[in-house]
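4 protein chains.
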Amino acid sequence: MRFFSDNAAPACPEVIAALGRANVQDAAYDGDQWSAQLDARFSDLFETDVAVLWVPTGTAANCLALTALCLPYGGVVCHREAHIQADEAGAPEFFTHGAKLLLAEGPGAKLTPQAIRAVIDPIKSGVHWVQPHAISITNATEYGLVYTPAEVAAIGDLARTRGLRLHMDGARFANAVAHLDCAPAELTWRAGVTALSFGFIKNGGMGAEALVFFDPDLAAATRIRRKRAGHLQSKGRFLAAQLLAMLDGDLWLRNARAANAGAALLAQAAGNRLVHPVQSNGVFLRVTADEAARLRAQGFDFYDWGPGEARLMVSWDQDEAAIRPLADAIAGL
Amino acid sequence: MRFFSDNAAPACPEVIAALGRANVQDAAYDGDQWSAQLDARFSDLFETDVAVLWVPTGTAANCLALTALCLPYGGVVCHREAHIQADEAGAPEFFTHGAKLLLAEGPGAKLTPQAIRAVIDPIKSGVHWVQPHAISITNATEYGLVYTPAEVAAIGDLARTRGLRLHMDGARFANAVAHLDCAPAELTWRAGVTALSFGFIKNGGMGAEALVFFDPDLAAATRIRRKRAGHLQSKGRFLAAQLLAMLDGDLWLRNARAANAGAALLAQAAGNRLVHPVQSNGVFLRVTADEAARLRAQGFDFYDWGPGEARLMVSWDQDEAAIRPLADAIAGL
Amino acid sequence: MRFFSDNAAPACPEVIAALGRANVQDAAYDGDQWSAQLDARFSDLFETDVAVLWVPTGTAANCLALTALCLPYGGVVCHREAHIQADEAGAPEFFTHGAKLLLAEGPGAKLTPQAIRAVIDPIKSGVHWVQPHAISITNATEYGLVYTPAEVAAIGDLARTRGLRLHMDGARFANAVAHLDCAPAELTWRAGVTALSFGFIKNGGMGAEALVFFDPDLAAATRIRRKRAGHLQSKGRFLAAQLLAMLDGDLWLRNARAANAGAALLAQAAGNRLVHPVQSNGVFLRVTADEAARLRAQGFDFYDWGPGEARLMVSWDQDEAAIRPLADAIAGL
Amino acid sequence: MRFFSDNAAPACPEVIAALGRANVQDAAYDGDQWSAQLDARFSDLFETDVAVLWVPTGTAANCLALTALCLPYGGVVCHREAHIQADEAGAPEFFTHGAKLLLAEGPGAKLTPQAIRAVIDPIKSGVHWVQPHAISITNATEYGLVYTPAEVAAIGDLARTRGLRLHMDGARFANAVAHLDCAPAELTWRAGVTALSFGFIKNGGMGAEALVFFDPDLAAATRIRRKRAGHLQSKGRFLAAQLLAMLDGDLWLRNARAANAGAALLAQAAGNRLVHPVQSNGVFLRVTADEAARLRAQGFDFYDWGPGEARLMVSWDQDEAAIRPLADAIAGL
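Just so you know, the protein sequences line up as chains A, B, C and D, in that order. The opening position of the first sequence corresponds to residue 1 in the UniProt record's numbering, with each subsequent residue numbered one higher. The opening position of the second sequence corresponds to residue 1 in the UniProt record's numbering, with each subsequent residue numbered one higher. The opening position of the third sequence corresponds to residue 1 in the UniProt record's numbering, with each subsequent residue numbered one higher. The opening position of the fourth sequence corresponds to residue 1 in the UniProt record's numbering, with each subsequent residue numbered one higher.
Excised from the complex, chain A in its bound form:
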């Protein structure tokens, strides 16, 4: 049974069905009827006018967002363990033409205004030093921690007062919203977020993420950059249709709730083995090498997260029946 990665899960049936419905002739690229609905549908969800682009990966979403918010000679403050710094092979530097990631610290890969100020306050003004242009936070973080609307707003305030723009890597934004049970607007533009990488693939999608601009004027140049990066797919209707299917009936939220619930079950079983509080669909566990081996021997697959730690990811399609055996195994260690 797999708890290795939420990328390993299949796409959910509604997404597959949507692909079938979109498999008709229509205009190429993003000229089709599905792509045409994105702005309106996401504007409804976010209760404000947004501009939305489909892209096939979270890395593309993040990097196109950063390129819209940071000039080639600027810097982006992010956590040392942020996905854009740690796991994207230098893609941000590629897309931005060499902007510098300015690394901040904080437990659970979570930033605070104080942590950000520790990075930007010492930067002298002048042409010798890379000046910050933007801040990027991940919600839920790479360790599954969730920023509340108030926490985002505190960072948004700092960004505003320093003339910086704020990006949210929301590869697991759905899980954060599900955890908080708040309006998506509260967690984003009302808290000062300019651009959101809204992830769907880990949450039951197949190959489409949404890049959401709360400042719609930023979208025009990004549409050009999407083409220039080879990301304007010929049959974009298939990506748009996936996103729309996810919005229908709040499928994205139901899937995320399911995954979070599974993680909560594991957390309960794990007790004080937990490295971080469980607030989304990831569970970080203290286990000895021997304990990890025993779990694997029982057929559970997961990621070794450094020495003495394991990462268990729950997917949208794992219900209590799928989770229970692992919960029991953990409890029985």
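One thing to keep in mind: the hints can contain errors.
Note that identical chains are pooled: a pair holds if it fits in a single copy or bridges any two copies.
Claimed, not checked - With a cut-off of at most 25 angstroms between alpha-carbon atoms, the simulated DMTMM-like pairs for lysine to aspartate or glutamate come out as follows:
1. Lys124 x Glu105
2. Lys124 x Glu291
3. Lys124 x Asp290
4. Lys124 x Glu186
Hints are computed from structural coordinates only; laboratory data are not their basis.
With chain A held as given, fit chains B, C and D onto it using these hints.
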């Protein structure tokens, strides 16, 4: 009835079915069982060891190929009307970090050794002038003309003697092979081609092209660059499965033959209105504005290709019944 | 006797003397008293507020200017034989992060509004096609032709109506002004020029050119980019002092007049051998290989400009006595 | 009296004299007789075949070196306070097309094999993570500490065993050699250094640094990149002549010894106020704000290095008479 673009066609049923079969859990990125088969399956097709990467667009395939063949300070000889120069929004310059496209001439967007020499022979050696590193040709060309194996080999010979590498943009490679009825190997590595962008999307695919390296050593760095460009999809099995479905039973060739046959029907009807010989699935027609309007009034959709010319693209799914009305309408102009 | 390149000439004594005077301690980079005078001194010369940066090469001046005027995904219209296209090793692509040079035609490397429209009018709007952001013209051109203020203004008008910005590569701007005997303002900002690469090195300088922004707001980002490109010299006072020495008493204009006068002498001798009218310090001559050999046998050094043509460049330090022998030799061919 | 920056010092008379001698006509760019001598003269100095390029700034030297040693998708290990990371405005990212600087720790901005391993050992192999390609160390460091040949060799060994290449930022290489009284070869290629940015400007030069490749094959591509970055000066003889003047009679070493001696005097006076041992020409001092103000009131100029610290830089032209007043003032605090 649409003859506007082969990108407007739906994906063919075998591809959709393959997506369904691939919709199970498997390792993320390209660690899955479908991606693992690509090298072997394409090596069979090409009768030599190749390394293959899936990518979601022809632009990504072309640009990753060029980046493997040309350093940032080098140049790539291509036709002035090549897709990489004329229709990719500067993506080659983005991926290669600013390599220069060196523009050659020739009717029908087709290059010859002579046309290439006209570009590269005058380039003085020295650091002031961008030196050519590679040649890129499109087969079939943007005007539907097909290079024969001998024509490719003549360019391949030139490339070899000048220390250049040869890329083939094969967005409609299938149509070229179908027209020539030759072995894919004859048209590529045996003729000196180093890297091929093998297109499937216009030919009944959904969102996967194959980047084929006949020098497999080039693939390792390209896999890194694919990730760095945000093109390493999380659930890559869906792309790999599409490509494999296309290879099964030579579906790619059957689809291309069907499209070519439709274009041949139109060509017959067009007679001396043809701007170029019809060798693949595109038909370029001389029509007055009035004639174009009359065709459109009958429900036919197509692309105005400059003043007095129309481009009609036939897709894999248009059989004789679908083509005949337009053929008759053209004959009746 | 050298007529090979105006880069081969020594620096003039006033420049050397200025270096000596600047050889005292002062603030590093561009914080010194000489650099501080540049804006005011060039503003006087151009009769408007300008912002000026010293840079060590014309290539750096051109490329920093283009980067200020054109985004990475935009295009710059220039002549096919413009220095930025033909002789700068792809530096514009490097500095701009891959902007595309859009090549126009015209005799003597000179552009007209018509020639520029022939390039930009066919560009469809949309994300697939690189849109023009700027125009770059060279005055005097690579063939020594001079744009009049009216000719520049016609291009400036076109630029303005199309939302493009206008760069002038003035590696030999001094020679153009000397030829026209006009105010520098007439030839630049009053005619619609946004940024000027004002060359001094070929005109008796040692290692400093001036990048002049007629829109001073463009300078701030360019100062950052200058540093980022390694062009912010530690002891910038030596560059600033050279430029100021050139402005003192219009040394730049006297030097250019001297060089132009020499070229005029050669032109007289050349008669109908001239390939282009001689309007600055370059003379392009029709000579057979045998004639060229005879000139060389007499000790004259020059550049073979393709088959049957020779380029003779006159420098600021070549007076009539230095020119006369070559003029006689040409007349005697 | 200035102790603010060694960049503030004038150029030494021998350099100025050399400029005068080079002020004759000669071939442009680096085709002149002075540039032609560089390889041989530096090969003598380093007792091995080297290839040498002049460049006008340390930033250009560092960045061209890194670009020769690290691909765009690779990483360069350096100290968090290295000049390339902290003071070059993102120039390394610009020149390398976005390579990532991988930041290591260590007192006095000095790296050890252990500190480097702490950065590179945790990097997993695979396309998701930027792999190290090179290491860059600064000798003397930004805090004036000197790596001994053995210390460099230990890092060189690590580099070799990991397949990395080693760059030395030698903005104050002369001061390091003067301190160690060792052969330049010992401190560089014999210890595993591939490329050295050999600084002369802070040491009495005007506007020329030497980029030294101990693997001469790396120079050819770098010559192209130098042009492409706008750093191939038209009258390169003036840069080459400066470098040659510096080598004549070991002027570089005499200047460095003079500056080091001045710093040693200050160090003696500073006693336990020293933040770091003084091994070159920089002195880092603990001073209160009040003490700093008192020094300034006596006419001494220096750099505030964070709260409670001052940086005093001694230049090549400051003899004991110039230093003594500050030494006395420090002693008298």
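Consistency of the hints with the structure:
For the homomeric pair Lys124 and Glu105, the shortest alpha-carbon distances inside one copy (20 angstroms) and between copies (21 angstroms) are both at most 25 angstroms. Only between protomers do Lys124 and Glu291 lie at most 25 angstroms apart by alpha-carbon distance; the minimum there is 23 angstroms, versus 49 angstroms within a single protomer. For the homomeric pair Lys124 and Asp290, the shortest alpha-carbon distance between copies (22 angstroms) is at most 25 angstroms, but the shortest distance inside one copy (50 angstroms) is not. Within a single copy, Lys124 and Glu186 get their C-alpha atoms no closer than 34 angstroms, and across copies no closer than 37 angstroms, so neither meets the 25 angstroms cut-off.
Hint check: a violation occurs at hint 4 only; the rest are consistent with the structure.
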